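Just so you know, the sequences run in chain order A and B.
Under this note's numbering, the first residue of the first sequence is numbered 247, with each subsequent residue one higher.
Under this note's numbering, the first residue of the second sequence is numbered 7, with each subsequent residue one higher.
What the hints contain is simulated information worked out from the structure, not anything from laboratory work.
Treat the hints loosely; a few may be bogus.
Quick list of in silico lysine to aspartate or glutamate cross-link-like pairs, DMTMM-like style, CA-CA up to 25 Å [said to hold, decoys possible]: (1) B:K77 <-> A:E350; (2) B:K75 <-> A:E350; (3) B:K64 <-> B:E21; (4) B:K67 <-> B:E94; (5) A:K259 <-> A:E350; (6) B:K55 <-> A:E328; (7) B:K77 <-> B:E26; (8) B:K55 <-> B:E26; (9) B:K77 <-> B:E21; (10) A:K303 <-> A:E321; (11) B:K64 <-> B:E26; (12) B:K64 <-> A:E350; (13) A:K303 <-> A:E350; (14) B:K67 <-> B:E26; (15) B:K67 <-> A:E350.
None of the values given here were measured: they were computed from a predicted structure.
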Amino acid sequence: KAGVTQTPRYLIKTRGQQVTLSCSPISGHRSVSWYQQTPGQGLQFLFEYFSETQRNKGNFPGRFSGRQFSNSRSEMNVSTLELGDSALYLCASSLASASSMNTEAFFGQGTRLTVV
Amino acid sequence: AQSVSQHNHHVILSEAASLELGCNYSYGGTVNLFWYVQYPGQHLQLLLKYFSGDPLVKGIKGFEAGFIKSKFSFNLRKPSVQWSDTAEYFCAVNAALGFQKLVFGTGTRLLVSP
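Okay, chain A solo, but in the shape it has when bound (with noise of 0.2 Å):
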């Protein structure tokens, strides 16, 4: 079975420009959050998704966005971009659900986001 894809793998942007990630999950998953993963921060959560509705939110501002399509795809937009948004964005799926609370998340690879 395919695991989490994540497109692209690499970007490099320059500063003000804006950006957008896209995760395909795991067939069957609904719920697909986003992570932020930095040397100095680690991994941070940014957002949830789960049936095109954000259902969770982390502590990041608003040029952070995302969305859920109908077919389970995501994508996270970032917008004005900063140095300090260079990172590598994980996206994971899961079967999480009201109904199906003990789940795990799959990762996929991640996009090494640069900006110059």
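With chain A held as given, fit chain B onto it using these hints.
Here is chain B on its own, set in the frame of chain A:
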């Protein structure tokens, strides 16, 4: 707010040595607990998980973890490490409320020398 503490940031061991990585969390409710591993250049992989039941859980590659509710701890152990265990290990907590919001520890870099 939930938080997770991993006590060791860097660990260096020789092959065949025993490993124990500490993890403590702060959250008063029911939690799901995980250990993930990130091998160099690879994605995060689940080592083991605890939802309920037997507090001693076994995972892949000979790893196990012990949940002690009274100490809010979930320590990872392996009796005999191998060079291939060189990786970064992350403890994570998720409130068992039906959504997926993992709170991670800062990670422990393990280097196993042959």
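Checking each numbered hint in turn, tell me which of them this model violates, lowest number first.
Per hint list: 5, 6, 9 violated.
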